[in-house]
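Enquirer: Using the sequences and the hints given, assemble the complete structure.
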Amino acid sequence: MLEIRNLHAEIDGKKILNGLTLTVNDGEVAAIMGPNGSGKSTLSYVISGRAGYEVTDGEVLLDGVNLLELDAAERAAKGVFLAFQYPLEIPGVTTMTFLKACMNAQRKARGEAELSTPDFMKRVRAGADKLGVAQDMLRRALNVGFSGGEKKRMEILQMSLLEPTFAILDETDSGLDIDALRIVSEGVNALRDPKRGFLVITHYQRLLDYIVPDTVHVMSKGRIVKTGGKDLALELEQNGYRDYVGEAA
Amino acid sequence: MGTQKTAPQTPAEARITAEFLGARMTLPGTAAIGDLRDAAFEFFMESGLPTRRLEAWHYTDLRQSMREALPIAIAPAATAILGLGARLETLVPRIEGLDTIRVVVVDGHFIPGLSDVARLPQGVSLCSLSDALGTGDPALVAALCAGGQGVGDSALALNTAFMQGGIVLDVAADTDVGVPVEILSLCSGAQAQAVYGRSLVRLGAGARLTLIEADGMEDLRVEQRNCALVVEVGDGAAMEHVFIPAQLAAGSSQVAHLLCTLGAHAHFNSFTLARGGGLMRRQAFVRFEGEFANAQLAGASLLKGHDHFDTTLVVQHVAPNCVSREYFKFVLDGEATGVFQGKVSVAPGAQKTDGAMKSMAILLEDGASMNNKPELEIFADDVVCGHGATVAQLDEEQIFYAQARGLPRSEAESMLLEAFVDEATDRVENETLRETLTARIAAWLVARRG
Ligand SMILES: Nc1ncnc2c1ncn2[C@@H]1O[C@H](COP(=O)(O)OP(=O)(O)O)[C@@H](O)[C@H]1O
Ligand SMILES: [Mg+2]
Numbered sequence: 001m002l003e004i005r006n007l008h009a010e011i012d013g014k015k016i017l018n019g020l021t022l023t024v025n026d027g028e029v030a031a032i033m034g035p036n037g038s039g040k041s042t043l044s045y046v047i048s049g050r051a052g053y054e055v056t057d058g059e060v061l062l063d064g065v066n067l068l069e070l071d072a073a074e075r076a077a078k079g080v081f082l083a084f085q086y087p088l089e090i091p092g093v094t095t096m097t098f099l100k101a102c103m104n105a106q107r108k109a110r111g112e113a114e115l116s117t118p119d120f121m122k123r124v125r126a127g128a129d130k131l132g133v134a135q136d137m138l139r140r141a142l143n144v145g146f147s148g149g150e151k152k153r154m155e156i157l158q159m160s161l162l163e164p165t166f167a168i169l170d171e172t173d174s175g176l177d178i179d180a181l182r183i184v185s186e187g188v189n190a191l192r193d194p195k196r197g198f199l200v201i202t203h204y205q206r207l208l209d210y211i212v213p214d215t216v217h218v219m220s221k222g223r224i225v226k227t228g229g230k231d232l233a234l235e236l237e238q239n240g241y242r243d244y245v246g247e248a249a
Numbered sequence: 001m002g003t004q005k006t007a008p009q010t011p012a013e014a015r016i017t018a019e020f021l022g023a024r025m026t027l028p029g030t031a032a033i034g035d036l037r038d039a040a041f042e043f044f045m046e047s048g049l050p051t052r053r054l055e056a057w058h059y060t061d062l063r064q065s066m067r068e069a070l071p072i073a074i075a076p077a078a079t080a081i082l083g084l085g086a087r088l089e090t091l092v093p094r095i096e097g098l099d100t101i102r103v104v105v106v107d108g109h110f111i112p113g114l115s116d117v118a119r120l121p122q123g124v125s126l127c128s129l130s131d132a133l134g135t136g137d138p139a140l141v142a143a144l145c146a147g148g149q150g151v152g153d154s155a156l157a158l159n160t161a162f163m164q165g166g167i168v169l170d171v172a173a174d175t176d177v178g179v180p181v182e183i184l185s186l187c188s189g190a191q192a193q194a195v196y197g198r199s200l201v202r203l204g205a206g207a208r209l210t211l212i213e214a215d216g217m218e219d220l221r222v223e224q225r226n227c228a229l230v231v232e233v234g235d236g237a238a239m240e241h242v243f244i245p246a247q248l249a250a251g252s253s254q255v256a257h258l259l260c261t262l263g264a265h266a267h268f269n270s271f272t273l274a275r276g277g278g279l280m281r282r283q284a285f286v287r288f289e290g291e292f293a294n295a296q297l298a299g300a301s302l303l304k305g306h307d308h309f310d311t312t313l314v315v316q317h318v319a320p321n322c323v324s325r326e327y328f329k330f331v332l333d334g335e336a337t338g339v340f341q342g343k344v345s346v347a348p349g350a351q352k353t354d355g356a357m358k359s360m361a362i363l364l365e366d367g368a369s370m371n372n373k374p375e376l377e378i379f380a381d382d383v384v385c386g387h388g389a390t391v392a393q394l395d396e397e398q399i400f401y402a403q404a405r406g407l408p409r410s411e412a413e414s415m416l417l418e419a420f421v422d423e424a425t426d427r428v429e430n431e432t433l434r435e436t437l438t439a440r441i442a443a444w445l446v447a448r449r450g
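From first to last, the protein sequence lines stand for chains A and B.
All residue numbers for the first sequence refer to the numbering used here, where the first residue is 1 and numbers rise by one.
All residue numbers for the second sequence refer to the numbering used here, where the first residue is 1 and numbers rise by one.
It cannot be assumed that every hint is accurate.
[Claimed, not checked] Simulated pairs of lysine to aspartate or glutamate, EDC-like, Cα-Cα distance not exceeding 20 Å: (1) A:Lys151 <-> B:Glu397; (2) A:Lys100 <-> B:Glu418; (3) A:Lys221 <-> A:Glu59; (4) B:Lys358 <-> B:Glu429; (5) A:Lys221 <-> A:Asp12; (6) A:Lys230 <-> A:Asp26; (7) A:Lys151 <-> A:Asp129; (8) A:Lys230 <-> A:Asp12; (9) A:Lys100 <-> B:Glu429; (10) B:Lys358 <-> B:Glu397; (11) A:Lys151 <-> B:Glu429; (12) A:Lys130 <-> A:Glu150.
The hints are simulated quantities; they were obtained by calculation from the structure and are not laboratory data.
Expert: Here it is, written out as structure tokens:
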């Protein structure tokens with residue numbers, strides 16, 4: 001269970017999160033919607049431990065563990081996963097090498113044995129097949145020269161291999177055509193699990209037709225201003241954010 | 001040379017002078033070689049150790065940093081050689097998966113008894129520099145001078161004055177030395193000393209050779225080393241060269257000269273893996289004397305602490321239609337200093353020259369610094385020459401991405417640095433050597449994390 005209480009965070013002295021409170025239970029898929037600039041990506045970075053943000057108040061707990069005391073790699077080993085809005089290109093590091101290094105680093109941090117190469121290969125092949133990721137892509141440098149859709153698929157492949165307990169998807173739908181959106185969504189839905197929570201960040205309702213959320217939160221100016229069920233997303237689609245943005249002001 | 005008034009001798013220069021006078025009569029060679037030594041030493045006396053006031057040594061002030069000069073290395077004692085021989089295979093493990101013909105040099109002196117002399121194939125001859133100097137063969141003297149490349153450099157002049165160790169390796173025309181030759185430099189471990197070696201490698205027309213220059217011991221010792229490798233790549237000959245200099249102890253200095261001439265259609269590919277250790281200058285002089293030759297100089301320099309490593313290149317296109325590539329990567333941690341100076345000059349008439357030079361550095365700490373000075377000097381009109389130099393830091397976004405997937409920061413840094421350096425290592429043609437270099441680079445990166 002992820003619990004965020006009264007979170008205040010700033011960057012370079014600019015306040016971006018203003019007393020954000022949010023709980024996501026195990027097995028729950030929570031969607032966060034909100035206008036551009038409302039702080040959605042910032043929230044995902046603060047949860048996953050990117051440097052440069054100053055948390056001035058509040059707490060973030062995952063299964064009772066204070067994430068704010070851990071560095072990004074430790075949080076990942078604890079089960080936090082962030083699918084980036086803009087996945088990074090890593091020239092010179094093949095996708096295979098990267099995947100293996102990350103999986104083994106997490107296992108090591110948790111005191112588990114390293115994966116054998118055949119075991120690793122088997123898992124990667126199976127995961128890649130499900131997401132329609134071609135084997136030759138795995139031998140290329142990670143994300144270098146990948147299309148937008150390929151990058152997002154690669155994010156979901158990494159998520160499926162790392163088996164997080166809490167996954168954040170930051171605008172995974174942006175830049176995807178309808179086919180890619182379906183493949184990516186199926187990948188996410190396959191990982192829905194009573195022990196795994198999701199925070200699905202999106203600007204558009206469309207993604208939520210494919211990944212149907214349990215709860216929908218509206219974010220504006222760095223806080224949650226409205227919470228509801230999946231119907232809230234449809235309502236936002238029709239009426240826009242105007243009502244809620246006003247509330248936050 | 002000039003008669004400019006120079007500063008009074010430093011204690012190190014005075015000691016070098018005393019060493020030369022003391023050793024002069026016992027240094028190997030005929031009277032003609034003696035004259036060569038005297039002329040070189042006279043030039044050294046006029047110019048002194050190189051200082052920052054010379055453009056070519058602007059970033060590496062040897063005069064300033066050499067507080068004292070160490071005594072010149074004497075030939076190692078027979079007992080020391082026996083001792084090294086007994087431990088050779090453990091002292092210097094063989095390169096995994098690569099059979100090599102080993103040539104052992106101790107304190108700068110060639111030791112046939114420890115070398116795989118009998119395994120040299122037909123068409124290859126090997127002798128010590130001293131024996132070669134003893135013949136006074138004018139062709140040999142000319143070859144050792146590499147057509148005057150590096151004249152005017154007082155560090156090279158010192159090497160000429162003192163040269164005593166080293167080997168002369170001749171590969172006859174059309175001979176393919178299938179097994180790589182590995183020159184191992186060992187230290188008898190006696191005292192801190194100054195080692196002056198010069199080796200000559202000549203490839204006849206159409207010959208092929210892979211040459212590795214590596215240092216035996218990874219453990220640190222204080223030494224002053226001034227060594228030169230002279231290479232002649234004949235018409236249509238091909239040579240690959242991998243140089244892994246010693247990691248000497250702090251306070252050491254090392255100047256490693258490479259003097260290379262290429263004939264027509266010749267190919268030369270040289271890679272240097274520097275891992276720091278005191279102050280080091282690698283200076284390479286390459287001259288294209290025949291058409292349609294190509295040469296590549298590449299390197300990876302991994303530096304930390306107070307390491308200072310200088311790569312200085314002088315590439316002269318004299319003949320037309322030749323290709324030169326220079327590609328160097330620097331990783332600088334702590335308060336290390338990197339220097340890249342590359343000068344590509346294209347003589348009038350060297351039309352259709354194709355030259356590209358690149359230096360790329362990553363600084364890991366605020367205290368580290370990189371000095372780049374690429375230069376083109378072009379006197380022909382139909383050429384394609386370019387150069388680029390970059391100094392950057394690791395990309396924090398990439399590091400966070402890897403961290404968010406569970407890689408601890410230090411491992412994420414190593415992964416990115418390895419990828420950065422690999423682009424240089426990839427230029428080594430021999431696959432096994434490439435893997436060996438990659439493994440050593442990975443080991444350095446692990447050690448850096450502490
Ligand atoms: N590094 C930064 N420095 C200064 N302001 C930033 C930085 N990153 C984001 N912001 C600002 O914070 C606000 C929220 O940004 P972001 O979290 O990316 O919003 P969203 O993902 O909801 O579009 C925006 O006004 C943005 O300009
Ligand atoms: Mg965003």
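Enquirer: Going through the earlier hints one by one, which of them does the structure break, listed in rising order?
Expert: As far as the earlier hints go, 8, 9, 10 and 11 are violated by this structure, in ascending order.
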